[in-house]
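Letter by letter, the chains look like this.
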Amino acid sequence: MDDLVMECIFLLVLVTLLSVLQNAFFAQKVEKECKAHNSKTAAVERLVCANRNCMDMYPTFLAVMWCAGFCLSQAPAAFAGLLYLVARHKYFIGYMGQTSQSTPGFLFGKRVLSFLFLMCVIGILNYILGTYGSKEYKEYIQTITKAASTLLLLP
Amino acid sequence: MDDLVMECIFLLVLVTLLSVLQNAFFAQKVEKECKAHNSKTAAVERLVCANRNCMDMYPTFLAVMWCAGFCLSQAPAAFAGLLYLVARHKYFIGYMGQTSQSTPGFLFGKRVLSFLFLMCVIGILNYILGTYGSKEYKEYIQTITKAASTLLLLP
Amino acid sequence: MDDLVMECIFLLVLVTLLSVLQNAFFAQKVEKECKAHNSKTAAVERLVCANRNCMDMYPTFLAVMWCAGFCLSQAPAAFAGLLYLVARHKYFIGYMGQTSQSTPGFLFGKRVLSFLFLMCVIGILNYILGTYGSKEYKEYIQTITKAASTLLLLP
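Chains as they are written, first to last, in full-length UniProt numbering: chain Z, 1 to 155; chain D, 1 to 155; chain V, 1 to 155.
Warning: the hint list may mix true and false statements.
As the list makes no split between identical chains, a pair holds if one copy fits it or if it spans any two.
[To be verified] Calculated lysine-lysine pairs in the DSS-like style (CA-CA distance at most 27 Å, straight line):
(1) K35 <-> K110
(2) K32 <-> K146
(3) K146 <-> K90
(4) K146 <-> K35
(5) K29 <-> K146
(6) K110 <-> K146
(7) K110 <-> K90
(8) K110 <-> K29
(9) K32 <-> K90
(10) K29 <-> K90
(11) K35 <-> K90
Calculated from the structure, these hints are not laboratory results.
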């Protein structure tokens with residue numbers, strides 16, 4: 001059974017590990033900045049705020065990604081998760097810059113999260129239809145999702 | 001295997017998705033309020049605080065709900081999760097009101113979380129008894145839990 | 001299937017429950033302290049800060065522990081999780097004391113988290129090697145990990 005499970009979650013685990021590495025990187029950046037400037041300057045303040053926003057969204061992101069991976073299919077969910085990590089990195093770096101290149105508050109990576117959310121909903125609908133209805137559309141939907149996840153790359 | 005797993009987690013995923021929607025709703029409310037009042041008024045401050053408290057409890061809630069769903073049975077866990085979301089909504093709305101209708105700090109939805117926690121403990125005890133002991137009480141316990149979860153509706 | 005799953009996650013669930021209890025304990029301590037001193041003293045401030053740091057790391061910790069438990073083996077992951085909880089408790093108590101016995105900011109329990117992270121990486125590498133390569137080293141690695149997890153006890 002163990003190998004079967006591993007096959008289903010293996011990419012999701014990889015993305016999760018990457019996100020953990022990124023968290024550690026963010027925490028270290030904040031730590032370093034706090035030590036460099038002993039007083040609370042505006043720059044440090046903004047860095048702490050960016051880290052806070054990222055951390056606030058983190059459980060939501062993990063929950064949505066894993067659900068999407070279980071309900072529909074693994075590869076697109078992991079790919080979307082990767083894109084989210086890239087978006088988060090851009091957001092954090094943008095906050096560090098002098099000029100305000102950052103997007104406002106909580107809403108970064110919104111599109112990726114919506115996509116993952118949609119995947120969950122489709123997966124559940126499909127399961128209900130498959131149980132109480134007659135046919136399974138899972139194959140078709142998975143093909144469409146895989147195509148759609150590449151469309152996320154468009155700016 | 002995939003369909004078997006889906007059958008076990010399907011309600012839990014639904015509640016998780018609902019909670020994600022609620023998170024997005026909270027974040028948007030805070031975002032909107034911050035933009036409306038540029039200065040930091042007391043109302044905005046309180047909204048941010050309510051959101052913070054909700055977010056702090058969120059990983060704990062998810063962990064307890066999923067564990068309860070896995071260890072004992074899915075339907076009562078999902079139902080209790082739903083009740084928790086309702087309690088959280090009331091809490092957040094209460095914080096937004098002028099008068100202090102809100103419960104203090106971290107302790108909202110305490111009863112629901114305790115119930116979920118108890119479900120986990122019972123599930124684990126039952127597993128240990130089933131492995132090292134002789135009989136399985138799981139059937140009885142599941143019936144009792146399902147009855148108990150409706151009792152949570154009492155105020 | 002249910003019992004097979006329970007066998008794989010049963011220790012992880014136990015550690016998760018313990019961590020939830022600890023969270024509740026921390027929250028209650030903060031609550032009590034806030035009520036005792038109505039004004040915001042330095043002690044309360046520091047307690048809130050310690051709680052915040054713990055809560056920020058919590059989703060990361062859960063994600064890494066569960067992944068390590070799934071990818072490699074359950075017992076060492078749960079044991080390392082337990083050690084992390086002890087470290088966190090020490091950290092929190094240290095923050096409460098008058099003198100500054102606490103470690104700086106986000107970096108407590110770093111060694112335990114690194115160990116769990118490493119377990120995940122090894123587990124995934126092992127899976128990839130097992131799929132595309134020829135042999136499985138899982139048995140050897142599990143033995144080594146179990147030995148290594150006791151080494152974490154060294155200060």
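Violated hints, by number in ascending order, as checked against the structure: 2, 4 and 5
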